[in-house]
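J.: Next come the chains, spelled out residue by residue.
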Amino acid sequence: MLHVSHVARIAPGNCVDSLLHALRQRGYMCIGPTLRDAAVVYDEIRSERDLPIGWADEQEGGSYRLKKRNDEARFGYTAGPQSWKRYLFPPSTLLMKAKRTPDGFTAEAPGEKATPHAFLGVRSCDLNAIAVQDRTFLTGPYVDPTYKARREAAFIVVVHCGQAARTCFCVSMETGPMAKAGYDLALTEILEDGRHEFLVEVGSPRGAEVAGELPSQAATESDARAARRMVDRAVAQMGRAMDTTDLKELLYRALDHPRWGNVAARCLSCANCTLVCPTCFCSTVEEVTDLTGDHAERRRRWDSCFTAAHSYIHGGSVRPTTLSRYRQWMTHKLATWIDQFGTSGCVGCGRCITWCPVGIDITEEVRAIREDNRGKGH
Amino acid sequence: MARKPKLAVWKFASCDGCQLSVLSCEDELLTLAGQVEIAYFPEASSAVVKGPYDLSLVEGSVTTPHDAERIQRIRAASRFLVTLGACATAGGIQALRNFRDVKEFISIVYAKPEYIQTLEKSTAISAHVKVDFELRGCPINKNQLVDVIAAFIYGPAPTVPPHSVCLDCKRKGVVCVMVARGIPCMGPVTHTGCGVLCPSYARGCYGCFGPKENPNTGSLAEWFARVGTSRDEVMRVFRNFNSDAPAFREESERQEKLS
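Sequence lines, in order, name chains A and B. Number 214 in this note's numbering belongs to position 214 of the first sequence; there are no gaps in the numbering. Number 220 in this note's numbering belongs to position 220 of the second sequence; there are no gaps in the numbering.
One should not assume that every hint holds.
Said to hold, decoys possible - The calculated DSS-like cross-link candidates involving lysine-lysine, where the alpha carbons are at most 30 Å apart (straight line), are:
#, chain 1, residue 1, chain 2, residue 2
1, B, Lys130, B, Lys142
2, A, Lys148, A, Lys180
3, B, Lys172, A, Lys99
4, B, Lys257, B, Lys103
5, B, Lys142, B, Lys50
6, B, Lys112, B, Lys11
7, B, Lys112, B, Lys50
8, A, Lys97, A, Lys180
9, B, Lys172, B, Lys11
10, A, Lys68, A, Lys99
11, B, Lys11, B, Lys130
12, B, Lys50, A, Lys113
13, A, Lys67, B, Lys11
14, A, Lys97, B, Lys172
15, B, Lys121, A, Lys99
16, A, Lys97, B, Lys4
17, B, Lys4, B, Lys121
18, A, Lys113, A, Lys97
19, A, Lys148, B, Lys257
20, A, Lys148, A, Lys113
21, B, Lys4, B, Lys172
22, B, Lys142, A, Lys68
23, A, Lys99, B, Lys112
24, A, Lys97, B, Lys142
25, B, Lys121, B, Lys103
26, B, Lys11, B, Lys103
If you're looking for bench data, these hints aren't it; they were derived computationally from the structure. Being a predicted model, the structure only gives us computed values, none of them experimental.
Isolated chain A, as found in the complex:
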């Protein structure tokens, strides 16, 4: 529920340049939504004009199309092909460089000299996904230094959703469409009856400093109600749902379910679902030697449980079939993740549905297993 606190402000619809200016003054590189390759992607934002002003998207299983809106919304789109993991857990990271010397070799770890990023337009599902990845990379005995440096430096500007895609199901996963905590600033873009303003909520002291530099005035109860109506609209538009009741136990009982064979007949084991997933964190380590044999590099790169190499151990791949790979991914995401990290690995962003080249729908697969199990009296 939105409450008007002493820090909530109302700012004009064209306040983004002021926001960018305030962030840049503090040394942040601003990363936000922009149009490229027929989609809304995240890239450096230098001015408000870089935003996808007046653009929306239509999504379905295996399909994403940009569509013009009839207003000047700055954040009028839903979750796109990329998530923020691209900036917190980069696709390729140099881990080590080695050089041959007369008496052996020297190794050098380059370390992380990250430019601090300000993430502009973080959706609630993705903010929850960052919290999920925090558990993977920042807790336990092995803290990931690359992720840690980037994560601690990041300034987060949430934009609560005012619309949802046909593939969204954050309501089912209790991860949105309104972010509850974990941001520096949270905006709600109010678009109704010719009105275009942002409700600005503050979530941290540095957020308060930046908010203080926006052209704004104190928000009223009426502003908060208008913001609430925007979020309610997104809830009403939620295109998918997943029944999570006893989901972990359901999947543990269903390891031999015939549905895995059904989905394997459609699944391409192409890895798209895992790479667009904002919580998937698998990587591989590659070593390359140059032709002189005097230099070697070790890199960490995004990987996926859908490749044969991912489960390759002495003697072969543990998961040679598509059936075993899909089952591994889905049961990890929705069941074993809970045992491992104390939370589901799914935030309901729907990217795995939209960006599956053949439109495989995780909510539909769960439904099929659940319904069939019911029929058997489980």
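With the hints as your guide, set chain B onto chain A.
T.: Just chain B now, kept in the frame of chain A:
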């Protein structure tokens, strides 16, 4: 170091594009010449050093009785044999003959068909001799070639993963052309290695590197048909530079029956 390893580059039925990729290693070429003895490479030099050879790179497919014998001699003279590209690895574009009667082609194309000695099928090098490593692509990727040669010289396994093109599109940040633009793309069933060339320019993947590991061609073909690609076109996207790679051949034959 003891004597430098002897490298040979051999040509069979092919367009020479993969050999040119060796010459395109401009920055690395002098280093390569310093690390290995380029003993036989007619495309680059007329100087010929006799075998045996430590590493033979073989371009092209076997299409004539003469070549079927020649590859045996090359294998016998080579410690390691690596094939370069779609022709040597899967028969190449000329393997389109494998789906038709080659005698009919000869009678139409040549004024004196009796002068032509050719085999019924264009076949991969691995159909004739043991191959130590197959480098995919039409043409090959020069960085992968350098990596394979470095791996041969120094020992570690080359970094030539057999997963889909999609994984590299996502790493590179290229938006899926199939999902965002409705363009049929072979990426989900194709072996990576090209650096996602076509999707980077808003084109669908042509499958130049052949089937990836564990390809589900049937599911992708059904999706192509579902989004409005005719069966004949679906058949043709699988019947391309790697038409004789088993997974693509079987799918194109299935689509041919449906068209």
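J.: Check the hint pairing Lys142/B with Lys50/B against an upper bound of 30 Å on the C-alpha distance.
T.: Roughly 26 Å separates the two Cα atoms, so the pair holds.
J.: Holds or violated: Lys4/B and Lys121/B, Cα atoms, limit 30 Å.
T.: violated (38 Å)
J.: When you check the alpha-carbon spacing of Lys112/B and Lys50/B, does it fall within 30 Å?
T.: It is violated: about 37 Å lies between the C-alpha atoms, which goes past 30 Å.
J.: Hey, Lys11/B versus Lys103/B, does the alpha-carbon distance stay inside 30 Å?
T.: holds (24 Å)
J.: Would you check the hint for Lys142/B and Lys68/A, treating anything up to 30 Å between C-alpha atoms as holding?
T.: It is violated: about 43 Å lies between the C-alpha atoms, which goes past 30 Å.
J.: Given the hint that Lys97/A pairs with Lys172/B, test it: the Cα-Cα distance must not exceed 30 Å.
T.: holds (22 Å)
J.: For Lys11/B and Lys130/B, compute the direct alpha-carbon distance and say whether it is at most 30 Å.
T.: Roughly 17 Å separates the two Cα atoms, so the pair holds.
J.: Are Lys99/A and Lys112/B close enough, with their CA atoms no more than 30 Å apart?
T.: violated (61 Å)
J.: When you check the alpha-carbon spacing of Lys148/A and Lys113/A, does it fall within 30 Å?
T.: Holds, at roughly 12 Å.
J.: Is it true that the CA of Lys97/A sits at most 30 Å from the CA of Lys4/B?
T.: Holds: Lys97/A and Lys4/B sit about 26 Å apart, inside 30 Å.
J.: Starting from Lys97/A, check that the Cα of Lys180/A is at most 30 Å away, please.
T.: Violated. Lys97/A to Lys180/A sits at ~42 Å, over the 30 Å cutoff.
J.: Are the Cα positions of Lys172/B and Lys11/B separated by 30 Å at most?
T.: violated (34 Å)
The earlier numbered hints that this structure contradicts are 7, 8, 9, 10, 12, 13, 15, 17, 19, 21, 22, 23.
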